[in-house]
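Asker: If you want the building blocks of each chain, they are given just below.
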Amino acid sequence: MSGGLSLSRTVWPTRIIMWSFALVTVVPFGLLILTSLKSRPDLMQGAFVLPEYPHFENYASAWVDGHFSVYFLNSVLIVFPVVIVSIFLGTLSGFAFAFLSLPFKRFLFALLAFGMMVPVEAFIIPLYYEMRYTGLINTYAALILPQIALSIPFATIFMASAMEQLPKDILEAAVLDGATRAYVLRRVIVPLMLPAMSTLGVFLFIWTWNEFLIPLILVNDDSYRTLPIGMLFFQGRYTVNTPVLTAGAVIVIAPLVVIYMVFQRKFISGLTAGATK
Amino acid sequence: MKLSPLDARPSKNLVYVLPALLIYFALVMGPIIAAVGISLTQWNGIAWPDWVGFGNYIKLFSDDIFYVSLKNNAIFLIFYCAIPISSGIVLASIVWRFRQKEQLALRTLLFLPYIMPTAVLGIIWHWLYNPAFGPFNQALKLAGLGKYALPWLGDFTFVLPAVGMVASWYFFGFCMVLFLSGMQRIEPSLFEAAKVDGAKGPRTFFFITLPLLLPEIRIALLLTIIQSIKSFDLIFTMTRGGPSNATLVPNLYMYQLGFQLNRYGYGAAVAIVGAVLVFIVNYAVHRLVRPVGGKGTS
Chain A
1 MSGGLSLSRT
11 VWPTRIIMWS
21 FALVTVVPFG
31 LLILTSLKSR
41 PDLMQGAFVL
51 PEYPHFENYA
61 SAWVDGHFSV
71 YFLNSVLIVF
81 PVVIVSIFLG
91 TLSGFAFAFL
101 SLPFKRFLFA
111 LLAFGMMVPV
121 EAFIIPLYYE
131 MRYTGLINTY
141 AALILPQIAL
151 SIPFATIFMA
161 SAMEQLPKDI
171 LEAAVLDGAT
181 RAYVLRRVIV
191 PLMLPAMSTL
201 GVFLFIWTWN
211 EFLIPLILVN
221 DDSYRTLPIG
231 MLFFQGRYTV
241 NTPVLTAGAV
251 IVIAPLVVIY
261 MVFQRKFISG
271 LTAGATK
Chain B
1 MKLSPLDARP
11 SKNLVYVLPA
21 LLIYFALVMG
31 PIIAAVGISL
41 TQWNGIAWPD
51 WVGFGNYIKL
61 FSDDIFYVSL
71 KNNAIFLIFY
81 CAIPISSGIV
91 LASIVWRFRQ
101 KEQLALRTLL
111 FLPYIMPTAV
121 LGIIWHWLYN
131 PAFGPFNQAL
141 KLAGLGKYAL
151 PWLGDFTFVL
161 PAVGMVASWY
171 FFGFCMVLFL
181 SGMQRIEPSL
191 FEAAKVDGAK
201 GPRTFFFITL
211 PLLLPEIRIA
221 LLLTIIQSIK
231 SFDLIFTMTR
241 GGPSNATLVP
251 NLYMYQLGFQ
261 LNRYGYGAAV
271 AIVGAVLVFI
281 VNYAVHRLVR
291 PVGGKGTS
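Chains A and B are the protein sequences, given in the same order.
So the first sequence is numbered by full-length UniProt numbering: it starts at 1 and just counts up by one.
So the second sequence is numbered by full-length UniProt numbering: it starts at 1 and just counts up by one.
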């Protein structure tokens, strides 16, 4: 920021400290990519030795033999419904909490905030039996519906606080023009909320993509496993084949890195909002 | 009274919240209430549960394994909380003086682990720590420290710090970015004034930076403590709580009791105690760490 000007003469020792911390952060990922391009004989040469040529076939065998194609597709099939439905429901309920009077409004809001704090681990046992009794175990619904339910408190509170920032006269003008509520929401509020909705979408994407406990407990059929869980069971099966294991890890985290790079600003700006989750 | 020009009768407004609330009550609130109920029973998951009242909770207080898991969780606080927050503050106050571009590059890199699935990071670090061919021990050997190349995740003494350091590695960049955004809120003139008054680096840090960062410190404390109580993915994928419960935490104990030993009632009681701990910590941090100037007393 502006104050940096007078202090911009960076001292070398502090730069070295900072960049060595950056190195510590990045080296595991570098090693991961390096190892994913090695053959198994290459691996014997040592962890820090370059392979003679890159072995992209590790990715092919993770994708096909390691079922990462299945896991990847499952992750995609779960993430998109969760993100879209959660944003949709969160926008509706956020709208209500921001502008409308509701019975027991404060109590309902407190219940949402309460649920945001309770760890999933606390109620995974009843959730598992609920899914079993409704016959949803080992279906996509078992992965999508609880994830939406878990996203609703954050989506609602996030959207409500974003909508409260809207200038009231915009809404008044729209109502005076004779527009219905649904119309105002769709044609006036939602277009103005698009930046907030996309920030919310990025957060929900990451949380859903990374979710571990729900797919671990609510699904035990390999054809429904998502990437993090698939990776775990792959590790169990192929623990000796490190290059293919690391190739699989790269497949899991690559989409996250791409999203991170594209939406960098949203991460930093939404950081404090997401931090309370 | 109308809350906004868009307001109508409450019964007409309900339409907007009902879909979200129905899903939320069916799949979050309902199971939370059910978990409390199950924790008051003895249940193997098949037969009708037997009501035991607070029996599970009473048993819990004389369960050595539960105490071990609590003790481990307390030690993990050093790695989830103390190390990332303290190093995050120091790094933020260093990187704050850097040029914008360099700052952005460092911020981008250090934040990277935080967006990753902790389960996958656990699997990656499990490989990095491998005693035979893991890069970590190979690096130690290359550096001439071969005698320190221990089987980290199999060693009863070192497994907890080894797992804990991964948590520190995961959180410190996040903390730094959080504190950096807090520092940009601080008036630069304050630092100038301190400089004019002849305050040296450490004094400026302790009397200006630290107090003004209290809101961010509060967020970081809440988040990291709660994450440590919730910790499951990372430890599950790295050690499964072993060797011999050296890294067992309450949530892993709940998993073992419920999904491996079919003691669902007792497992639910462990889970409820964990959730109550989260609430206590939340309340304590909100009460104890207050921003200066009396703002944000909520």
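Wrong hints could be hidden among the right ones.
Some chain A residues well away from chain B (every beta-carbon gap over 12 Å; in silico) [unchecked claim]:
| id | residue |
| --- | --- |
| 1 | Tyr53 |
| 2 | Ser69 |
| 3 | Ala96 |
| 4 | Ser198 |
Pairwise CB distance ranges, derived in the manner of DEER restraints [said to hold, decoys possible]:
| id | chain 1 | residue 1 | chain 2 | residue 2 | range |
| --- | --- | --- | --- | --- | --- |
| 5 | B | Lys101 | A | Ser39 | 20 to 30 Å |
| 6 | A | Ser161 | B | Asn282 | 53 to 63 Å |
| 7 | B | Leu288 | A | Ser39 | 29 to 39 Å |
| 8 | A | Leu166 | B | Tyr148 | 56 to 66 Å |
| 9 | A | Ala113 | B | Ser181 | 15 to 25 Å |
| 10 | B | Leu288 | A | Asp221 | 25 to 35 Å |
Hint data in this document are derived by calculation from the structure and do not stem from the laboratory.
Built from N, CA and C at the ideal position, the CB exists for glycine as well.
Asker: Check each numbered hint from earlier against the structure, then list the numbers of those it violates in ascending order.
Answerer: Going through the list in order, the structure violates hints 3, 5, 6, 7, 10 and respects the others.
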